[in-house]
Amino acid sequence: MAKNSQQLGQQLAKMLKGGVIMDVVTADQAKIAQKAGASAVMALERVPSDIRMQGGVARMSDPKLIKSIQKAASIPVMAKVRIGHTSEARILEALGVDFIDESEVLTPADPFDHVDKRDFTVPFVCGATNLGEAMRRIHEGAAMIRTKGEAGTGNVIEAVRHLKLIKGEIAGLKNMKAPARKAYAESERVPVSIVNQIAELGRLPVVTFVAGGIATPADAALLMNLGAEGVFVGSGIFKSKDPKRFAKAIVEATIHFKDPQKLAEISEGLGDAMPGLEMANLPVRMQERGW
Amino acid sequence: MTVGVLALQGDVAEHLLMLQKLRTKAKEVRTIDDLAQVDRLIIPGGESTVIGMYLEESGLMTAIQKRVKRGNFPIFGTCAGIIVLAKKIRGKHIPPSLKLLDITVERNAYGTQIDSFDVPVKSAVLGKKAFLTSFIRAPKITKAARRVTVLATHDGKPALVQQGNILGATFHTEVYDDTRLHAYFLSLS
Numbered sequence: 057m058a059k060n061s062q063q064l065g066q067q068l069a070k071m072l073k074g075g076v077i078m079d080v081v082t083a084d085q086a087k088i089a090q091k092a093g094a095s096a097v098m099a100l101e102r103v104p105s106d107i108r109m110q111g112g113v114a115r116m117s118d119p120k121l122i123k124s125i126q127k128a129a130s131i132p133v134m135a136k137v138r139i140g141h142t143s144e145a146r147i148l149e150a151l152g153v154d155f156i157d158e159s160e161v162l163t164p165a166d167p168f169d170h171v172d173k174r175d176f177t178v179p180f181v182c183g184a185t186n187l188g189e190a191m192r193r194i195h196e197g198a199a200m201i202r203t204k205g206e207a208g209t210g211n212v213i214e215a216v217r218h219l220k221l222i223k224g225e226i227a228g229l230k231n232m233k234a235p236a237r238k239a240y241a242e243s244e245r246v247p248v249s250i251v252n253q254i255a256e257l258g259r260l261p262v263v264t265f266v267a268g269g270i271a272t273p274a275d276a277a278l279l280m281n282l283g284a285e286g287v288f289v290g291s292g293i294f295k296s297k298d299p300k301r302f303a304k305a306i307v308e309a310t311i312h313f314k315d316p317q318k319l320a321e322i323s324e325g326l327g328d329a330m331p332g333l334e335m336a337n338l339p340v341r342m343q344e345r346g347w
Numbered sequence: 010m011t012v013g014v015l016a017l018q019g020d021v022a023e024h025l026l027m028l029q030k031l032r033t034k035a036k037e038v039r040t041i042d043d044l045a046q047v048d049r050l051i052i053p054g055g056e057s058t059v060i061g062m063y064l065e066e067s068g069l070m071t072a073i074q075k076r077v078k079r080g081n082f083p084i085f086g087t088c089a090g091i092i093v094l095a096k097k098i099r100g101k102h103i104p105p106s107l108k109l110l111d112i113t114v115e116r117n118a119y120g121t122q123i124d125s126f127d128v129p130v131k132s133a134v135l136g137k138k139a140f141l142t143s144f145i146r147a148p149k150i151t152k153a154a155r156r157v158t159v160l161a162t163h164d165g166k167p168a169l170v171q172q173g174n175i176l177g178a179t180f181h182t183e184v185y186d187d188t189r190l191h192a193y194f195l196s197l198s
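Chains as they are written, first to last, in the working numbering: chain Z, 57 to 347; chain B, 10 to 198.
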């Protein structure tokens, strides 16, 4: 039996594709998410919009909460650690979570380094705003990438920006000659082999989801149509008027993203989405955490 | 011949790539209309709770069962795919299933992701050379009826089974390069 943990993590990420991963803060919410068709849940103490409003240092969740969510759910359970917080990551690994999100939604712990993810058995997903960041995280061992977007705002513009930037930069690699690729790899502080691999594949070598600001079924469909392989929804579900319906509607929109007629049916009479925030004047831009 | 890949959730693209390598026409299946346009069906890996739930909601569950009853409609399921094919499912949550394969499967029988593994598996129908498989939060077949043929085992338990033209694996081969298992599925009638 072989154990190449990063590769096995990449395989699990493939099984999550076409699905919606939902933030939950209680075991009851995990049950609601699973019943609505979530393909995984993200266990955390406060959803991003609450972290944004309440402020303070946001940390890894209490293991007791994570265990209660593991007990309630039969789908994969993910949980967040602060950027660079290797000890929080070891704790989550010991709890047997299925995926760790090294997340900018929590307050960063290390001003120099992200977690070296290569010697972990549990796989990691990391946020990125552009190709350079995505490559650095993959080089450190991330098995899955998601856009950072701007979490807790209910505003989808940053997720769209990050996905388009990453895709655009990948397309640009095609016409780049060997010396230019070498210089690019150096400026992004990654081995040129990663740059070459991405240029050849025409995509990131790991599954790529979107996150940050997705609040409606139409938002999910927009990003799926732009080439996202799946969707993370944070505050968008449990900060909406009717979480059960919103959860299910976003899952259905992620399945039927190419079918406007179906999307119209899914979107009808859903009630209020989570309250949204304009990007200008945000006191904290979570996407700027990490590098 | 057009092969459908059920595209409600999961590793649809990996199965499509296998079919492309075998130069076979493929189509993503999300609706009953899609199903009418394919001659056989692959149910991919993913989350069986999601796939089972939306099989039922979309009406595909009954449509597939009817199609199988009419005959000549081979189906191949991997991991979550074999769970939604199974007659009996054990585990914390039992998703709705097609009940076309007379086996009992236990969901997530090996544990969480840290217990996932890769292992070479051999099957007489695929020749002498072992093929690489990935068991990702995989199910285990705890019981197989006599009419079910066991084509491969792992750790003493059936891992690849066949009943008529219904084929099921508890593992993934589609995440690697070996197309033999898919070619075998295409040979079933």
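Derived from the structure by calculation, the hints contain no laboratory data.
There may be inaccurate statements among the hints.
[Claimed, not checked] Reference excerpt, derived from the structure (chain B facing chain Z, CB under 7 Å, subset only): (1) T11; (2) G19; (3) D20; (4) L31; (5) A35; (6) M62; (7) H102; (8) Q122; (9) I123; (10) S143; (11) I145.
Quick caveat, the model's predicted, so the values are computed rather than measured.
C-beta: ideal position from N, C-alpha, C; glycine also.
Against the structure, the hints:
The closest approach between the C-beta of T11/B and any C-beta of chain Z is roughly 18 Å, which is over the 7 Å cut-off, so the hint fails. Annotation: G19/B was flagged as interfacial toward chain Z, and the flag holds, the nearest CB pair being 6 Å apart, inside 7 Å. Hint status for D20/B: holds, given a least beta-carbon distance of 4 Å to chain Z, under 7 Å. A hinted interface residue such as L31/B counts as satisfied when its beta carbon comes closer than 7 Å to some beta carbon of chain Z; here the least separation is about 19 Å, so the hint is violated.
For A35/B, the interface hint is violated, since its Cβ never comes within 7 Å of a Cβ in chain Z; the closest pair sits about 16 Å apart. With 7 Å as the threshold, the beta carbon of M62/B comes within range of chain Z, its nearest partner Cβ sitting at about 5 Å, so the hint holds. A hinted interface residue such as H102/B counts as satisfied when its beta carbon comes closer than 7 Å to some beta carbon of chain Z; here the least separation is about 4 Å, so the hint holds. Given hint, Q122/B at the interface with chain Z, holds; its Cβ is 4 Å from that chain's nearest Cβ, closer than 7 Å.
With its C-beta approaching chain Z no nearer than about 5 Å, I123/B sits inside the 7 Å limit, and its interface hint holds. Residue-level restraint check for S143/B holds (minimum Cβ-Cβ distance to chain Z is 5 Å; threshold 7 Å). A cut of 7 Å between beta carbons decides the hint on I145/B: the least distance to chain Z is about 5 Å, and the hint holds.
In summary, the structure is inconsistent with hints 1, 4, 5 from the numbered list given earlier, while agreeing with the others.
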